[in-house]
Amino acid sequence: MKVTWRDPMKKFALAALLVFNVHNLRADVKLPAIFGDHMVLQQEATLPIWGLADPGEEVTVTIGGRSASASTGGDGKWNVQMPALPPGTPPVTFTVAGRNTLKFEDVLVGDVWVCAGQSNMAFHLPQPEARDANDPQIRFFVVPQKTAMQPQDGLGSSWVWERTSPHFLQLRPESEMRGKWVVCTPESAADFSAVGYYFARELRASLKRPIGLIGSYWVGSGANLWVSLSGLRKDPELKGYTDVYDKVLTVYATNEAALSSRREAFQTAMRQWEKDGKDAQQTWYAAVKKAEDAGLPAPPKPAILSAAPESPMTPDGGPRNSTTVFNAMISPLIPFAIKGVAWYQGESNHSRPLEYQTLLSRLIADWREKWGEGDFPFLIVQLPNLIAPNPDLPFVRESQLRVAQTVKNTGIAVTIDAGDPNNGHPHNKLFVGLRLAQAARHIAYGQDVVYSGPIYESMKIEGKNIRVRFTNTGGGLVIGSAPYLPPGVQPIPATSLAGFEIAGEDQHWMQADASIDGGSVIVSNPAVDKPIAVRYGWDNSPRCNLYNKESLPASPFRTDNWPPTFRHDDFNPPPFPRTLSAK
Numbered sequence: 000m001k002v003t004w005r006d007p008m009k010k011f012a013l014a015a016l017l018v019f020n021v022h023n024l025r026a027d028v029k030l031p032a033i034f035g036d037h038m039v040l041q042q043e044a045t046l047p048i049w050g051l052a053d054p055g056e057e058v059t060v061t062i063g064g065r066s067a068s069a070s071t072g073g074d075g076k077w078n079v080q081m082p083a084l085p086p087g088t089p090p091v092t093f094t095v096a097g098r099n100t101l102k103f104e105d106v107l108v109g110d111v112w113v114c115a116g117q118s119n120m121a122f123h124l125p126q127p128e129a130r131d132a133n134d135p136q137i138r139f140f141v142v143p144q145k146t147a148m149q150p151q152d153g154l155g156s157s158w159v160w161e162r163t164s165p166h167f168l169q170l171r172p173e174s175e176m177r178g179k180w181v182v183c184t185p186e187s188a189a190d191f192s193a194v195g196y197y198f199a200r201e202l203r204a205s206l207k208r209p210i211g212l213i214g215s216y217w218v219g220s221g222a223n224l225w226v227s228l229s230g231l232r233k234d235p236e237l238k239g240y241t242d243v244y245d246k247v248l249t250v251y252a253t254n255e256a257a258l259s260s261r262r263e264a265f266q267t268a269m270r271q272w273e274k275d276g277k278d279a280q281q282t283w284y285a286a287v288k289k290a291e292d293a294g295l296p297a298p299p300k301p302a303i304l305s306a307a308p309e310s311p312m313t314p315d316g317g318p319r320n321s322t323t324v325f326n327a328m329i330s331p332l333i334p335f336a337i338k339g340v341a342w343y344q345g346e347s348n349h350s351r352p353l354e355y356q357t358l359l360s361r362l363i364a365d366w367r368e369k370w371g372e373g374d375f376p377f378l379i380v381q382l383p384n385l386i387a388p389n390p391d392l393p394f395v396r397e398s399q400l401r402v403a404q405t406v407k408n409t410g411i412a413v414t415i416d417a418g419d420p421n422n423g424h425p426h427n428k429l430f431v432g433l434r435l436a437q438a439a440r441h442i443a444y445g446q447d448v449v450y451s452g453p454i455y456e457s458m459k460i461e462g463k464n465i466r467v468r469f470t471n472t473g474g475g476l477v478i479g480s481a482p483y484l485p486p487g488v489q490p491i492p493a494t495s496l497a498g499f500e501i502a503g504e505d506q507h508w509m510q511a512d513a514s515i516d517g518g519s520v521i522v523s524n525p526a527v528d529k530p531i532a533v534r535y536g537w538d539n540s541p542r543c544n545l546y547n548k549e550s551l552p553a554s555p556f557r558t559d560n561w562p563p564t565f566r567h568d569d570f571n572p573p574p575f576p577r578t579l580s581a582k
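Numbering (numbering that gives the first Met the number 0), first residue to last: 0 to 582.
The set of hints was computed from the structure by calculation and includes no laboratory data.
Be a bit skeptical, because a hint or two may be false.
Here are the simulated DSSO-like cross-link-like pairs (lysine-lysine), alpha carbons at most 30 Å apart as the crow flies [unchecked claim]:
#1 K179 <-> K102
#2 K288 <-> K300
#3 K463 <-> K369
#4 K233 <-> K463
#5 K76 <-> K277
#6 K76 <-> K207
#7 K29 <-> K102
#8 K233 <-> K102
#9 K207 <-> K102
#10 K179 <-> K29
#11 K246 <-> K369
#12 K548 <-> K407
#13 K102 <-> K369
#14 K289 <-> K274
#15 K459 <-> K407
#16 K300 <-> K274
#17 K238 <-> K369
#18 K277 <-> K288
#19 K289 <-> K277
#20 K179 <-> K463
#21 K233 <-> K76
#22 K407 <-> K238
#23 K207 <-> K548
#24 K288 <-> K238
#25 K233 <-> K288
#26 K407 <-> K207
#27 K288 <-> K274
All chains, full assembly: derive it from the sequences and hints.
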C-alpha cells in the first residue's frame, strides 16, 4: 500500500500532527486490512468498500477507471458500493481519496473464497508440495487469530498456533504474511492451508481466472465459536451456548483486571514451556523419522510436549467461548464480496453430534444474513476416517450430509477414504481440495460435472434382501479403492463390496453381503430373515469401498432412526430424530 498526498505541504502538516496532536491522525482515510496490494476482487458482484475518515468528509473510490463517492456520517464511517467488474478484467489500481489518498496496486479481478474451520483446514501445505506452488494468479490472505466478545471492525494481531512438524504445534508470533494479501509463491503457500491451496489450484486449472483465498481458521475450535451471538439466539436449541456466553460476559465485566493478569501469566508460562521442551522435541522428531523410515508406528510423544499451560477462559485468551472467533475473525471481513465458503470443521463438536446439523445450518444462515449476498455457495468437508475412542463420528458425518441435502446451495466433499485411521490430521490434503473444487464447479459455477460420490436415496425390502438405491452414481457404481494409503494401512480387497451392515427387528447389526446391481446395491445376511434397515460405512474408521466410475466415494449412511447407544452431551438435545429430519 502506498500513501500519496495531494499537497506537498501536507507532508509537513503530518509531522506537526505527530508532535502536537496525534489524535487527529484518526481523520486520515482508513480501510480494513482486507483491502491491500495484491488483493483479489470478486468479479460480477457489487463491491462494498468501507472505512473511516473525518465526519462529513467526502471519499472517492476508483477501481480500474470507475469511480464512486460517499460522505462519512457523524461516526466517521463511510461505505461505497462499486459497480461489478466483468470477467477477464486485467489487473487494476485501486485508490481511495479523501483527506489523504490510499493506493493499492496489482489488484486482480476473479473469485474470492473463504476457507474456514479448525485444524485440518489450518494444516499447512507441506514443503515438498510448496516448492512447486508458484502461481501469481492465486492470492492468499490469512486472518490473524484473535477472539473478542463483541463484533470487531478490524483484524488484530496475536500469537498463533503454528505446525512446526506433522506432529507438533507451537505458539509463535503471527507470521509477517498474515493479515495482508500475498501472491502465491513457495514461501507464502507453505504458510497457507493445504486444502485451500489444492482447491484453488484445481479451480484455476478449470476456470482460468484469478482465485483469492481468505484463510480464517483456528485449531480445535467448535462451530459455535464461528456463529454470531445474534445468530445463536435465533435458535432455541442453541440456548446452552448463549447462556454460557452471557455468564462469561458477566464474569469478564467484573474481573477484567484479574483476567488480564492470568493472560500475562499464561503467556509467560507458555514461553517457558517451549524453552523446556525444545530438547525433548528434537529428540522425538528424530525418533519419529526413524520409525517412519522403518515403516513402524511413531513413538509416543514425550509428556512435556503434551503438557502445555492451559489458556484462561477469557474473551481474548483463546477460542473458548461461543461467538468470539466470529467476532474477531469473520465479522471484520464482512461485507467484503466473496464467491463462497469452503468449510472443514466438526471434530470439536463430536461430543454433541446430534446437535451439529442444527448448529451448522444456523452458521450458514448467519453468515449469509450478515454478508447480505444471498445464498452464496457453502461447501462442507465431511469428516474422514479416524480411529477414535467414542463412536460418535458417524453421527457428525450424517449431520454434515443432512445439511448438504437440506440447506440451499450447499455441497459436500466426502473424504471417508482420504483420512488416516491413526492420525486426526491426515497429511495428504490433495484429494480433499480436489473434491471441494469438483463440488464448486457444479454448485458455484453450474458446470455439468459429476461432483459427488453415490448418495443414499431409498431402500426397498425384497424378501430377505434389501435393495439400496443411490443418486450421484455418475457413470455407474463400482468397487473402488482409496486414492492413497497412509503408512501401515492395508488396501481393501477389490473382490467384493465392504462396509455394509444389515439389521432385523431386533436392531442387531450384522456384517452384510453386498453386490452391485445396476444403479442399486443388494444387501443381505443369511442370519437375518426379516431385514428392516441397512447402514454403510457406519464406524469411526470404516473399511468401505463403494464408488462411482469417476472415483468419488459413497457417503456413509444409515436407513434407521434408532437412538445412538452412546452417551452424548448435547445442550438441550431435541427429541430424536429432530435434528436428523429435513427442515
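Results of checking the hints against the structure:
Distance check on the hinted pair: K179 and K102 sit about 15 Å apart at the alpha-carbon level, within 30 Å; holds. The hinted pair formed by K288 and K300 meets the criterion: a straight-line CA distance of about 13 Å does not exceed 30 Å. At most 30 Å may separate the alpha-carbon atoms for a hinted pair to count; K463 and K369 exceed this at roughly 52 Å. For the given pair, K233 sits about 46 Å from K463 by alpha-carbon distance, which is inconsistent with the 30 Å threshold.
In summary, the hint linking K76 to K277 is not supported, as the alpha carbons are separated by about 48 Å, beyond the 30 Å threshold. With a C-alpha separation of about 37 Å, the suggested pair K76 and K207 falls outside the 30 Å cut-off, and the hint is violated. A threshold of 30 Å between alpha carbons decides the hint, and for K29 with K102 the separation of about 11 Å falls inside it, so the pair holds. Among the hinted pairs, K233 with K102 is inconsistent with the structure: their alpha-carbon atoms are about 41 Å apart, more than 30 Å.
Proximity of K207 to K102 is assessed by CA-CA distance (about 27 Å); at most 30 Å being required, the pair is judged to hold. At roughly 15 Å between alpha-carbon atoms, K179 and K29 fall within 30 Å of each other, so this suggested pair holds. Our distance criterion of 30 Å between C-alpha atoms is met by K246 and K369, whose separation comes to about 25 Å. Distance check on the hinted pair: K548 and K407 sit about 27 Å apart at the alpha-carbon level, within 30 Å; holds.
Annotation: proposed proximity of K102 to K369 holds, straight-line Cα distance about 28 Å (limit 30 Å). Only pairs whose Cα atoms come within 30 Å are accepted, and K289 paired with K274 is accepted, the gap being roughly 24 Å. Between K459 and K407 the CA atoms are separated by roughly 28 Å; this keeps the pair inside 30 Å, and the hint holds. At most 30 Å may separate the alpha-carbon atoms for a hinted pair to count; K300 and K274 meet this at roughly 17 Å.
The suggested pairing of K238 with K369 holds, with an alpha-carbon distance near 20 Å, which does not exceed 30 Å. Simply put, K277 and K288 have alpha-carbon atoms about 17 Å apart, close enough for the 30 Å limit, and the pair holds. With a C-alpha separation of about 19 Å, the suggested pair K289 and K277 falls inside the 30 Å cut-off, and the hint holds. Between K179 and K463, the direct Cα distance comes to roughly 62 Å. Violation of the 30 Å bound is thereby established for this hinted pair.
Simply put, K233 and K76 have alpha-carbon atoms about 28 Å apart, close enough for the 30 Å limit, and the pair holds. A C-alpha spacing of about 25 Å is found between K407 and K238, which places the hinted pair at or below 30 Å, so the restraint holds. Distance restraint check for K207 and K548: the Cα-Cα separation of roughly 26 Å lies within the 30 Å cut-off, and the hinted pair is therefore satisfied. Restraint check: the Cα-Cα separation between K288 and K238 comes to about 47 Å, which exceeds 30 Å; the hinted pair is violated.
The suggested pairing of K233 with K288 is violated, with an alpha-carbon distance near 50 Å, which exceeds 30 Å. Using a Cα cut-off of 30 Å, the hinted pair K407 and K207 holds, with the two alpha carbons roughly 27 Å apart. For the hint pairing K288 with K274, the CA-to-CA distance comes to about 22 Å; that is within 30 Å, so the pair holds.
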